[in-house]
Amino acid sequence: LILLFVACLLAMTRESWALALITAMFAFEQVLQASLPIFTQIPALGNIIIGTAAVAAAFRIVQVTPRPFEGYFTQAWICCVALCCVAALSLLWTPSFGTAWALTRWGLPYFVLFILVGPILITDRESVSKFLTAFVLLGTAITFLIVLNPQFTLFRGRLGINLDALVRSNPLAMGELAGCVMIVGALWRGTRGTAAFVVIRVIAVIAGAVLCFQSGSRGQIIFAVLITV
5 LILLFVACLL AMTRESWALA LITAMFAFEQ VLQASLPIFT QIPALGNIII GTAAVAAAFR
65 IVQVTPRPFE GYFTQAWICC VALCCVAALS LLWTPSFGTA WALTRWGLPY FVLFILVGPI
125 LITDRESVSK FLTAFVLLGT AITFLIVLNP QFTLFRGRLG INLDALVRSN PLAMGELAGC
185 VMIVGALWRG TRGTAAFVVI RVIAVIAGAV LCFQSGSRGQ IIFAVLITV
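Residue numbering for the sequence shown follows the working numbering, starting at 5 and increasing by one per position.
Warning: the hint list may mix true and false statements.
[Unchecked claim] If you anchor each label on the Cβ, the simulated ranges turn out as follows: (1) GLY223 to PHE9: 26 to 36 Å; (2) ARG160 to THR69: 46 to 56 Å; (3) VAL85 to LEU152: 36 to 46 Å; (4) ILE52 to LEU107: 13 to 23 Å.
Derived from the structure by calculation, the hints contain no laboratory data.
Ideal Cβ placement from N, Cα and C applies to all residues, glycine included.
Work out the full structure, taking the sequences as your base and the hints as a guide.
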């Protein structure tokens, strides 16, 4: 809870931390659910808090940046939005409209957060550098919270928590975060060449590798190792 509070405060004033929160959101959500019952009772609460901080950061950027949407409408962004629109149009002819619409409606907030809000948080090369530094720090902290939390247990070789009697958390989200922490920790040299930052990078790689293997996410493990090498 302290980490969430501090990270959200930083996100309000530093867009790099807002983007780091978005990137680590799903794994952070599981940490919160394992720590406080209210996040299990209201599963979307953690995502709502993180999303609110990110939207506030994006709103601040739009207000203070002279040209906040310069470089926003890239070819990749246009193709991504077009693909989502085509997928949404398929609701018109699907034989299972109720189920399809429920899934689409559930994903709309994430579309807004990842596709519309997220790119606003990157304004220049320096903001990318700051984001990677923030991600290494936040991702490593979340990784430690997962590994050290006794609520996370191994079941059939996969680390997770029991959300209720029948449902367990998604180990792929933890594997994805751990793999990204490994990659960024190994490759990101940052703007700080201090010994302390090197130590943080080494810790990030080790912690990410431990969580990656414990999560049992084979694809994430293989590609994280390959990309890092």
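A quick look at each hint next to the structure:
The hint said 26 to 36 Å for the Cβ distance between GLY223 and PHE9, and at roughly 33 Å that hint holds. At roughly 48 Å, the beta carbons of ARG160 and THR69 sit within the given window of 46 to 56 Å. Taken as a hint, the range 36 to 46 Å holds for the pair VAL85 and LEU152, whose Cβ atoms sit roughly 40 Å apart. A C-beta distance of roughly 19 Å is found between ILE52 and LEU107, which places it inside the suggested range of 13 to 23 Å.
Checked against the numbered hints listed earlier, the structure breaks none of them; every hint is satisfied.
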